[in-house]
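Student: Sequence:
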Amino acid sequence: MSYDFIIIGAGHNGLACAAYLAKAGAKVLVLERSARVGGGCHTEEATLPGFKHNLCSVVHTHIPSSPVYRDLELERHGVSYVYPEYLRGTIFPDHKSIVMYREPERMAAELGRFSARDARTFTQLHEDYAEFIDSTYLPLMYSPPLPPSLEGAELEKSAEGRTMLQWRQSTPVQLLNELFESEEVKVHFLTRMTVLGFPPDQHGQGWICLFRILTGEAPICVGGSQQLAHGLRSVVEASGGVVRTGMEVQRILLSGNRATGVQMKDGNRIEAAKAVITDVEPKKSFLRMVGEEFLPPPFATRVKNYHAQGRSLFALHLALSEPPQYRAAAHNAPVNLAFSQEMFGATIQDQVRAYQDIARGTPPRNEMLQITLPTLFDPSQAPAGKHTTVLWQYAPYSVAPEGPAGWRRLRDEYAAHLLDLWRSYAPNITKDKILGMAIQDPTDTERLNDNFVNGVDVVGDMTPDQMGYFRPFAGWSGYRSPVEGLYMCGGSCHPGGGVHAGGGYNAAGVIVQDHKLKKWWD
Numbered sequence: 002m003s004y005d006f007i008i009i010g011a012g013h014n015g016l017a018c019a020a021y022l023a024k025a026g027a028k029v030l031v032l033e034r035s036a037r038v039g040g041g042c043h044t045e046e047a048t049l050p051g052f053k054h055n056l057c058s059v060v061h062t063h064i065p066s067s068p069v070y071r072d073l074e075l076e077r078h079g080v081s082y083v084y085p086e087y088l089r090g091t092i093f094p095d096h097k098s099i100v101m102y103r104e105p106e107r108m109a110a111e112l113g114r115f116s117a118r119d120a121r122t123f124t125q126l127h128e129d130y131a132e133f134i135d136s137t138y139l140p141l142m143y144s145p146p147l148p149p150s151l152e153g154a155e156l157e158k159s160a161e162g163r164t165m166l167q168w169r170q171s172t173p174v175q176l177l178n179e180l181f182e183s184e185e186v187k188v189h190f191l192t193r194m195t196v197l198g199f200p201p202d203q204h205g206q207g208w209i210c211l212f213r214i215l216t217g218e219a220p221i222c223v224g225g226s227q228q229l230a231h232g233l234r235s236v237v238e239a240s241g242g243v244v245r246t247g248m249e250v251q252r253i254l255l256s257g258n259r260a261t262g263v264q265m266k267d268g269n270r271i272e273a274a275k276a277v278i279t280d281v282e283p284k285k286s287f288l289r290m291v292g293e294e295f296l297p298p299p300f301a302t303r304v305k306n307y308h309a310q311g312r313s314l315f316a317l318h319l320a321l322s323e324p325p326q327y328r329a330a331a332h333n334a335p336v337n338l339a340f341s342q343e344m345f346g347a348t349i350q351d352q353v354r355a356y357q358d359i360a361r362g363t364p365p366r367n368e369m370l371q372i373t374l375p376t377l378f379d380p381s382q383a384p385a386g387k388h389t390t391v392l393w394q395y396a397p398y399s400v401a402p403e404g405p406a407g408w409r410r411l412r413d414e415y416a417a418h419l420l421d422l423w424r425s426y427a428p429n430i431t432k433d434k435i436l437g438m439a440i441q442d443p444t445d446t447e448r449l450n451d452n453f454v455n456g457v458d459v460v461g462d463m464t465p466d467q468m469g470y471f472r473p474f475a476g477w478s479g480y481r482s483p484v485e486g487l488y489m490c491g492g493s494c495h496p497g498g499g500v501h502a503g504g505g506y507n508a509a510g511v512i513v514q515d516h517k518l519k520k521w522w523d
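If you're matching positions, the sequence shown starts at 2 in the working numbering and goes up one per residue.
These are calculated hints, taken from the structure and not from any lab test.
Keep in mind that the hints are not guaranteed to be accurate.
What the hints assert, rightly or not - Estimated spans, in silico, between C-beta atoms of each pair:
id, residue 1, residue 2, range
1, 86, 514, 40 to 46 angstroms
2, 338, 360, 31 to 37 angstroms
3, 367, 514, 36 to 42 angstroms
Claimed, not checked - Here are the simulated DSSO-like cross-link-like pairs (lysine-lysine), alpha carbons at most 30 angstroms apart as the crow flies:
id, residue 1, residue 2
4, 305, 266
5, 387, 432
6, 285, 305
7, 97, 387
8, 97, 519
9, 28, 432
10, 284, 266
11, 28, 284
12, 28, 266
13, 97, 432
14, 28, 520
15, 28, 434
16, 434, 387
17, 28, 285
18, 285, 266
19, 305, 284
In this text, all values refer to a predicted model and were calculated from it rather than measured experimentally.
Glycine is no exception: its CB is placed at the ideal position from the N, C-alpha and C atoms.
Please model the entire structure based on the sequences and the hints provided.
Tutor: Shown next, in the form of structure tokens:
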């Protein structure tokens with residue numbers, strides 16, 4: 002049977018792209034190698050029956066406010082979100098803390114406990130930039146990236162934009178040192194960057210820190226992150242599309258320089274009348290499925306140089322008999338009820354050193370912990386009265402001197418070390434309160450989703466050379482490729498990794514335009 006479009010990979014971006022195309026009247030087939038859909042939207046009973054653990058994404062910051070949620074009517078397909086009242090809590094080694102609020106007045110008051118000047122600075126930043134960010138942030142995510150010359154020309158038109166142009170050349174640490182005086186306030190806002198994997202001392206990313214200072218919702222998908230994938234699949238199938246799991250694509254078929262279909266691992270071939278779309282990371286898509294010999298040499302070189310070498314994800318998935326009670330709550334009670342608690346040291350240099358340790362192949366020994374208990378807000382993810390938690394710590398994929406194999410030696414000891422660190426903040430989490438535990442070292446992160454090369458859970462490093470117009474490659478950031486009829490739609494595309502469906506949404510718009518289909522959405 003022939004289809005108009007074949008999408009390789011049923012991550013949330015691939016499913017979103019398929020849903021838009023199917024609702025446009027196209028015959029769409031989605032092929033997924035694993036037995037489930039969702040990619041990084043992965044929920045399973047990893048410890049004990051009834052305890053649902055989110056093995057990668059926990060929070061879907063932009064989905065509920067995105068065009069994808071609205072256009073695809075995801076609520077009608079079983080997708081809903083809850084919003085914690087308290088967004089995040091940064092806890093310091095002396096058990097002081099800063100809780101993040103969505104209301105700017107409350108946030109300023111919280112910062113004012115550490116610095117009256119910093120509270121005024123935050124208020125001024127909100128007055129100067131909140132509207133600017135609201136009017137640019139989501140539109141920038143949900144549209145193909147502008148070339149740097151055009152983006153710069155747009156920013157030059159306003160005073161806020163011109164300041165952003167200067168700040169974008171700085172590092173997050175430089176920006177925070179320029180804006181704030183309190184070390185605790187700087188740590189709190191720098192943590193908003195480093196928990197996403199942005200290096201704290203990376204030039205060219207200071208301006209992203211401003212977005213993180215002024216934005217920060219934490220919506221949790223009811224039933225677990227996998228529910229978003231199930232909802233997207235439901236839209237595809239309700240619109241006439243077909244989703245098939247356990248189907249591994251081995252080759253993308255070509256006729257001349259045009260993609261015409263796929264060959265499966267079992268040898269079967271499936272034709273695509275209009276195009277093939279890949280939700281698979283670039284090296285597998287182009288070097289393995291297409292073949293380097295069929296690519297223009299400069300493009301093949303860029304594919305080879307696409308890198309995922311930064312921090313990797315180490316996680317502990319825990320089934321608990323009770324939630325943690327933080328010592329910091331004695332002075333700031335809402336910290337116990339925040340969406341997540343982040344313990345990243347006493348100074349911003351602690352975060353710089355942690356990333357330097359990772360670059361050397363040394364798992365950080367000091368705090369760089371993020372703790373999330375989705376069951377505080379969605380009890381359906383655990384048996385009554387019980388809880389699931391995920392403890393995140395960034396670490397190297399290759400442990401010196403052995404490389405990735407070093408995790409076989411280190412994983413149990415490192416897990417115990419991180420639990421001890423956590424207990425120094427939440428002493429009630431004694432061994433008897435942990436009903437079950439699953440360790441996920443960086444090699445497991447890659448095994449669970451082979452788009453997460455080297456355990457990098459954002460599908461390639463989010464560095465200036467791999468963001469915006471340069472993601473995945475300069476000149477090829479518009480979701481097309483040099484192979485006619487072969488498109489890209491995954492986390493390796495703009496706006497990058499994370500659960501927002503921006504890559505799938507943007508690719509669908511380009512494909513509809515190229516193939517003169519009805520664009521049924523605004």
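Student: Decide, hint by hint, whether the structure agrees.
Tutor: Structure-based check of all given hints:
1. At about 42 angstroms, the beta-carbon gap between residue 86 and residue 514 stays in the expected band of 40 to 46 angstroms.
2. At about 35 angstroms, the CB distance of residue 338 to residue 360 agrees with the hint of 31 to 37 angstroms.
3. For the pair residue 367 and residue 514, the beta carbons lie near 50 angstroms from each other, so the given range of 36 to 42 angstroms is not met.
4. Between the alpha carbons of residue 305 and residue 266 the distance comes to roughly 24 angstroms, so the proposed pair stays at or under 30 angstroms and holds.
5. For the hint linking residue 387 to residue 432, the alpha-carbon distance of about 15 angstroms falls within 30 angstroms, and the restraint holds.
6. For the proposed pair residue 285 and residue 305, the alpha carbon gap of about 10 angstroms is at most 30 angstroms, so the pair holds.
7. Of the supplied pair hints, the one linking residue 97 and residue 387 holds, its CA atoms being roughly 27 angstroms apart against a limit of 30 angstroms.
8. At roughly 55 angstroms between alpha-carbon atoms, residue 97 and residue 519 are farther apart than 30 angstroms, so this suggested pair is violated.
9. Between the alpha carbons of residue 28 and residue 432 the distance comes to roughly 53 angstroms, so the proposed pair goes past 30 angstroms and is violated.
10. Among the hinted pairs, residue 284 with residue 266 is consistent with the structure: their alpha-carbon atoms are about 18 angstroms apart, no more than 30 angstroms.
11. Between residue 28 and residue 284 the CA atoms are separated by roughly 27 angstroms; this keeps the pair inside 30 angstroms, and the hint holds.
12. For the hint linking residue 28 to residue 266, the alpha-carbon distance of about 22 angstroms falls within 30 angstroms, and the restraint holds.
13. Taking the CA atoms of residue 97 and residue 432, the gap is near 25 angstroms; set against the 30 angstroms cutoff, the hint holds.
14. Taking the CA atoms of residue 28 and residue 520, the gap is near 15 angstroms; set against the 30 angstroms cutoff, the hint holds.
15. For the given pair, residue 28 sits about 51 angstroms from residue 434 by alpha-carbon distance, which is inconsistent with the 30 angstroms threshold.
16. Between residue 434 and residue 387 the alpha-carbon distance is near 10 angstroms, which keeps this suggested pair within the 30 angstroms criterion.
17. Distance restraint check for residue 28 and residue 285: the Cα-Cα separation of roughly 25 angstroms lies within the 30 angstroms cut-off, and the hinted pair is therefore satisfied.
18. Restraint check for residue 285 and residue 266: the C-alpha separation of about 14 angstroms stays at or below 30 angstroms, so the hint holds.
19. Proposed proximity of residue 305 and residue 284 is supported: the alpha carbons are some 7 angstroms apart, at most 30 angstroms.
Consistency with the previously given hints fails for numbers 3, 8, 9, 15, ordered from lowest to highest.
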